[in-house]
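One line per chain: the protein sequences are G and V, in this order. If you read the first sequence in numbering that gives the first Met the number 0, its first letter stands for residue 0, the second for the next number, and so on. If you read the second sequence in numbering that gives the first Met the number 0, its first letter stands for residue 0, the second for the next number, and so on.
There is no bait here: all hints are sound.
Among the chain G residues that face chain V by a calculated CB cut under 8 Å, a handful are:
#	residue
1	His16
2	Phe29
3	Arg191
To list a few chain V residues with every Cβ distance to chain G over 10 Å, as calculated:
#	residue
4	Gln74
5	Ser171
6	Met257
No lab work stands behind these hints: they were computed from the structure. These numbers were taken from a predicted model, which means no experiment stands behind them. All C-beta atoms in this analysis are idealised placements derived from N, C-alpha and C, irrespective of residue type, glycine included.
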Amino acid sequence: MNGTLSSLSPGFADPSHNAQQLFREVLDAFSHPGRIVTLADAPHGPGTISPATAAYLLTLADRDTPLWLAPAFDTPTVRDYLRFHAGVPIIEDRAAATFAVLPHDDADPFEGFALGTDTYPDRSATLVIEVPALGAGPVRTGRGPGIKGEAQFAIAGLDDWFWRQCATNHALFPCGVDLVFTSGSQLLALPRSISVEVSPCTSR
Amino acid sequence: MPDTNMTEGAYNYAYLDEQTKRMIRRAILKAVAVPGYQVPFGGREMPLPYGWGTGGIQVTAAIIGRDDTLKVIDQGADDTTNAVSIRRFFAHVADVATTTRTEEATIIQTRHRVPETPLEDGQILVFQVPIPEPLRMLEPRETETRTLHALSEYGVMQVSLYESIARHGRISKSYNYPVQVNGRYIMSPSPIPKFDNPKLDRSPALQLYGAGREKRIYAVPPYTPVKSLDFDDHPFEVERWTECCAFCGSTESFLDEMIIDDAGKRLFVCSDTDYCEGRR
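Given the sequences, and given the hints that come with them, work out the whole structure.
This is the structure we're talking about:
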């Protein structure tokens, strides 16, 4: 550990109940893909990663769930924070990660993560992608389990290429990674079961 | 650790330790992401025997919080042993409000029924599941059923339904009637009567299924198509009664038959006690 204990940002004020409430908000997001949920009890976190990302990891990650951090988030402060509060092992190998935190402009966000297998599709990674804003940017249409008819949602900072990769991920169903988008203390989930309409190729 | 975290200093909030709850929560999210697929989880010993709802209780314990209102039913009734003891268990270890009113509940744990009152967006229905694998009676080997699910190879189930028609003239399965979720996984809806199967289809509520002995969790997200298996010339149909409920007169609900004297006199009453009381 590089810093002292006093330099660590606080985790949950009330671990059991904060985790429960945050989990229910995350569950709400997963069971209503495209819905933006605000995590009221999200801890401020160590900086660099958003409060929503910190809340998601403190709620669901522990010593059983290796975490991969994109270079942009792999700072000593973030490592110390997650190791201390979640006890989560931080690893270099994407393929072994249960959770990953990536920036919205990662060069190849889907590459190398566990997709699950045909017999065990649950053994796949969940990618937490930090985006500039939720509810802003181009409007997309999603369909699938959890959505009544279709859902319109907007996520800023993702280009068409990302959404084409997302469509490829959906095509792998029941395998594939699950996506969680975070910004500030807001979160939006797109499980692999959701198909997102891809707009025809246009110049950027 | 704050005092509110412990119940009488003996157990962690909602009985399970935080590590276990995180593990179950991760399994629930994977189950929601792959509707109908049975996610293995590290089932724990619970303070009641297998067959009494240990799977459902673990799911409920992982999601429940102080703001929730819990309803527990057993065969539709709020006042039977299993329902009463599970409700008291959570009132004790999770400090939650309980109710018998379907519309007031945020979480409904159920054994073998879906409430008659339509569920709403935001409610969670937790099923207690004895045998999560719908193909188990047709193929005892786990390695084989897992492969059949992976390949979406469900001919064996259609054959078993066909054999039922060949033998009895109709599909004779009246409970635990197999369904296909979102056109992909075949799923056991738990031993609910097939009368309740249509209520699973595109329900606004989230459905979570927990099997304690077999250590499996699966889910149906809101508004997800759930199709009861059938044939074009033998379409799926539910039970109908010529009688009505002796208490509330309902002709719409699932009726239990009761023998009331030694002469074999019988009576039909609603299985869902809350629905029946609300109509009287």
